[in-house]
Amino acid sequence: MRIVHLFAGLFFLNSLIAQDFRTDSALVDVQTIKNPVTEELKFVNYLITNSQYNDALFVLEKLQEDNLQISSSQFDSIYFYTGWVNYFNKRFGKAITSFEKVSKETDLYYNSRYYAAFCYAYTQNFNAAWDVLTNLDISQKEELKEFHNFQLACVALLKRDLKIFEEYAAMFKFSNYNYAKEEEQLLTYYKDISSAKHKSGFLAALISAVIPGMGKFYAGYKGLPFGALFTTLPLAAVAVETFIKGGLLSPQFIILGSLFTVFYIGNIWGSALSVNAIKKEIYAEINYNILFDMHIPLRRTFE
Amino acid sequence: MICIFHYAGRSNNPPFQKADSLVKVGELNWALMEYERIIYATTDNAERTLALLKKSECYVLLQDLKSAEKNLQRIFFSGLSDSLQYVARYNSAFYSYLNKNYNQSISELVMIDNFLPDSIKISSYILYALVLNENREWDNAKEKLVKWTDYNYSNQPQKRDSLINVINKLYHPKNYPKYKNPEKAHLYSSFVPGLGQAYSGYFADAAFSAIMQLTGIGVAAYGILVAKYYVTGFVLGYGIFQRFYMAGTKRAEFLANKHNHVSARKYNDCIKDFLLQLPQ
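Chains as they are written, first to last, in our numbering: chain A, 1 to 303; chain B, 1001 to 1280.
Do not rely on the hints blindly, as some may be mistaken.
Unchecked claim - Calculated pairs, BS3-like style, for lysine-lysine (alpha carbon to alpha carbon, straight line, at most 27 Å):
| id | chain 1 | residue 1 | chain 2 | residue 2 |
| --- | --- | --- | --- | --- |
| 1 | A | K163 | A | K90 |
| 2 | A | K62 | B | K1018 |
| 3 | A | K245 | B | K1228 |
| 4 | A | K94 | B | K1066 |
| 5 | A | K199 | A | K159 |
| 6 | A | K197 | A | K94 |
Everything labelled a hint here was simulated from the structure, so no lab data went into it. As the structure is a computational prediction, the values presented were derived from the model and not from experiment.
If we strip away everything but chain A, and leave its shape as in the complex, we get:
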């Protein structure tokens, strides 16, 4: 009887082992059958890496049109890649829409949020960029903390919120290769912005009224004033001569005096506006540099 039990036991064990093997081989089969969506996503990744953005977009659109079974994580990848392609093609509005569709459940969530923040910043929507970054919970992502801090500092500087920037800059460690240099650069821009002297448009206009063109020199346009001076002064001399020779009501004086007046007043008005214009030019250049330094670490960190 024992022998019968032993055989029965052995048979049962054998059948269990055989069943296990069958399960293993079935698993292997499932793994070797390639998922068409995953394969297409690998292809999309290749296309983006090789700068074939239009082809990548075509594949992504087709993936959503075809009636394939797409899992939620695959949808996340599709949204992320779509955002990425649009970002590379500088269609930032569309990129933001796609990046914001990526769900929290995927690892691409953090990438997509940082890219979305950058796209907002690039389109001058600094408050939206700030909101995206501040709403991002990185408590579980220790490795992103310094990077997150750097990105917030960039947006704070773009917003010209120097106090907030100082808070984040105080936490710079200058240790991560991906953005140590950019952290230093950011401090330089901060110094440029905070040390920029406030210039008065009224004072520029007043200086130009005394010496034509010199208001622009005061505003910061070092070459322009002499051009204005050499146009206005001869016209002034002409107006004076026609006044002396022809009198106040002579047609020569009325025509040439009016011409001088137009140039003279135009020059004063131009000097008043030039203070704001040069400020905009300098700020635009600084913003461009900040965005550049915000963008490079983003690519280094997530590619």
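Starting from the known structure of chain A, arrange chain B on it as the hints suggest.
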């Protein structure tokens, strides 16, 4: 016209069937992607090159010559057969030529000329001549055409001689466009108003420039000597003279360049018409 698709016969090749059929039904953007899929999947450089060539052909059908040219710059030439290497380089040179990227086109044609056998490279000489014409290297272009004629008509001496006669006439140095030096034109106009424009062959421009500068001097003379408005006369007269003097020198330089472009274009178009009638 002189574009060649030697690889067209390979469209029965299985990996290309889908993409080729998409081209046939006009789904060009989809076909572009399918050719790229072949490039992605294949480990065979010849197949990859073929896909790149076909992708560029698609871009041409989409009238995107820049992308067609850029796409062919992705080709790796190592290990390719002479004939495939020829087609790849030739098409690359051809697209560069169409994009007026003449130096790039020449660099591809030089590679064909230096590294491929005579029997293959000789077919590129018509395109080579066309590109050299655009670079104003007419003597070199003539040399290529004579070689092409010698090779293709070696069994028909009469036809060869008559063609070489035509080539010699077309490329006679007396027929070469007369080059006007833009710097000289600038210099001439600096000394004599309108002379630079006249040197470039634009006499109406020359007359207008001279008249306006003389008007400036006239206004100054009238103001100072007749009306006794010394400052006004000087400022207005000098203002008019100075504007037209500066503009005149720049215009003379521009017109010399325009003359060079127009005459070279006229001459090259005439040769191009002749070359395109030759059997390829």
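Structure-based check of each hint:
no. : hint             : in the structure
1   : K163/A / K90/A   : violated, 31 Å
2   : K62/A / K1018/B  : holds, 16 Å
3   : K245/A / K1228/B : holds, 9 Å
4   : K94/A / K1066/B  : holds, 26 Å
5   : K199/A / K159/A  : holds, 21 Å
6   : K197/A / K94/A   : violated, 39 Å
In the structure shown, a violation is registered for the earlier hints numbered 1 and 6, in ascending order.
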